[in-house]
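One-letter residues, chain by chain:
2 protein chains.
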Amino acid sequence: MGSAALAEKTSAPTDLLTPEEFEAAIRAVGAERYHDKHIFHKMLHGGQMNKGQVQAWALNRYCYQDAVPRKDAALMARTDDRALRREWIHRIHDHDGLGEEEGGIERWLILTDGLGLDRAYVISKEGALPATRFAVEAYVRFVAEQPLVVAVASSLTELFAPKIHRERIAGMLENYSFVSDDVMAYFKRRLSQAPRDADFALDYIKTHAKTREEQDACVKAVQFKCNVLWAQLDALYLAYVQGMIPPGAFVPAA
Amino acid sequence: MGSAALAEKTSAPTDLLTPEEFEAAIRAVGAERYHDKHIFHKMLHGGQMNKGQVQAWALNRYCYQDAVPRKDAALMARTDDRALRREWIHRIHDHDGLGEEEGGIERWLILTDGLGLDRAYVISKEGALPATRFAVEAYVRFVAEQPLVVAVASSLTELFAPKIHRERIAGMLENYSFVSDDVMAYFKRRLSQAPRDADFALDYIKTHAKTREEQDACVKAVQFKCNVLWAQLDALYLAYVQGMIPPGAFVPAA
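Protein chains in written order, with the UniProt record's numbering: chain E, 1 to 254; chain D, 1 to 254.
Hints listed in this document are in silico derivations from the structure and should not be mistaken for laboratory results.
Careful: at least some of the hints might be erroneous.
Identical chains blur together in the list; that is why a pair holds if it fits in one copy or across any two.
[Claimed, not checked] Calculated cross-link-like contacts (lysine-lysine; reagent style BS3-like; alpha-carbon spacing at most 30 Å): (1) Lys51 / Lys210; (2) Lys220 / Lys163; (3) Lys125 / Lys163; (4) Lys37 / Lys51; (5) Lys210 / Lys42.
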């Protein structure tokens with residue numbers, strides 16, 4: 001059942017959803033719209049891509065990694081709830097690293113290194129598709145501008161992430177000679193990080209979304225976030241599967 | 001010659017470009033990257049689209065129209081130069097209308113009316129492609145956040161607009177039975193508005209970009225703006241020519 005249909009069926013539109021109904025509405029968004037359903041991922045995980053296409057994916061997806069700690073800092077900047085900040089800050093640690101730990105962005109660069117991409121070029125984001133950057137920055141703005149509980153809700157695509165990460169690790173290791181175990185370290189680490197974060201965020205919105213309007217806005221936030229992810233794959237598909245690379249973007253070696 | 005090549009050839013990278021060189025570098029961006037080169041426009045103007053595809057274009061492009069007065073207000077909000085504000089405000093009048101004059105957004109809605117789209121649905125932007133909204137909002141943010149002279153420069157795709165508007169008026173009237181003279185009023189009006197605005201903005205950046213770095217940033221601003229326009233057509237092409245409509249977006253009647 002679609003999220004809209006569920007919301008309609010379970011209550012009159014102005015009634016507060018029970019925590020169970022609210023969670024079901026959130027999960028229904030993933031079942032409909034999460035980017036594991038996109039043909040680009042099916043091709044990526046199924047071994048149907050050449051090295052240049054995998055490079056393009058990793059290069060563009062770097063922009064998303066690069067944005068994550070900024071969106072988390074944007075969220076922290078908005079709240080005087082110290083307990084929330086103390087919890088949320090480990091997301092920044094996860095991506096930027098802390099002390100000895102290099103963090104997820106470094107692990108992503110190990111992936112792009114392993115694919116033969118120049119690190120400075122990746123970090124510059126100059127070869128990324130404009131559509132990638134527009135989508136990613138829309139996410140940062142969303143978190144900075146929407147009500148706090150809605151901003152928290154937008155992180156909840158993490159509920160759906162472990163499945164895609166498991167598929168990706170297995171599929172990419174099996175199908176691509178140029179992908180080795182150590183370059184997949186990013187995804188292995190996320191298998192444990194994402195569920196912990198998602199559990200916290202889900203509890204948070206169940207407690208803090210106090211009206212039906214806020215609950216609906218949280219469901220829409222997960223839709224929005226799915227759109228951010230989906231639009232990135234649409235752009236990759238048009239540029240690197242259909243071959244319509246826009247002016248100035250990365251062109252794989254022939 | 002490309003804009004980068006021109007800049008390299010005409011001066012050492014730290015030398016200020018002459019006003020003529022600066023203008024040539026700006027114009028070279030259009031020659032390379034303006035969206036009149038996109039296959040979607042060639043198809044649109046050449047009569048190769050069905051009514052549903054033209055509807056999708058007009059519905060999505062409404063999001064851009066909707067953003068224009070906001071980006072112009074964002075620019076005005078940043079300057080204490082009253083003369084600049086007095087000049088710039090007519091761009092808002094052009095789009096929002098003033099007094100008896102209904103303005104360009106109303107003319108756009110006459111176009112979407114003429115294509116049989118529900119006005120409330122168009123205005124809600126709910127059926128627009130997420131990629132359209134991400135691109136358009138990136139433009140508003142760019143104008144709000146970049147240095148003022150760079151923000152002004154981003155408007156300079158208007159230098160290249162009259163040609164595409166002339167092609168569009170002729171091509172769409174000739175090729176589509178569902179397009180009539182009065183629904184093309186938006187573009188006819190822009191034939192006189194755009195050159196006036198572009199002349200002002202070009203003079204402004206020639207006077208106010210006082211270092212080579214500022215000049216280069218202005219050239220990059222026009223590239224950025226071309227990316228904003230190009231990304232919108234890429235998204236339309238994938239969704240409505242290739243048929244990969246993302247979840248939740250407008251689906252034309254069969």
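Verification of the supplied hints:
1. Lys51 / Lys210: neither (48 Å within a copy, 44 Å between copies)
2. Lys220 / Lys163: within (22 Å within a copy, 40 Å between copies)
3. Lys125 / Lys163: within (28 Å within a copy, 32 Å between copies)
4. Lys37 / Lys51: Classified as both: same-chain Cα gap 22 Å, cross-chain 29 Å, threshold 30 Å.
5. Lys210 / Lys42: Cα proximity of Lys210 and Lys42: none, with 38 Å in one copy and 51 Å across.
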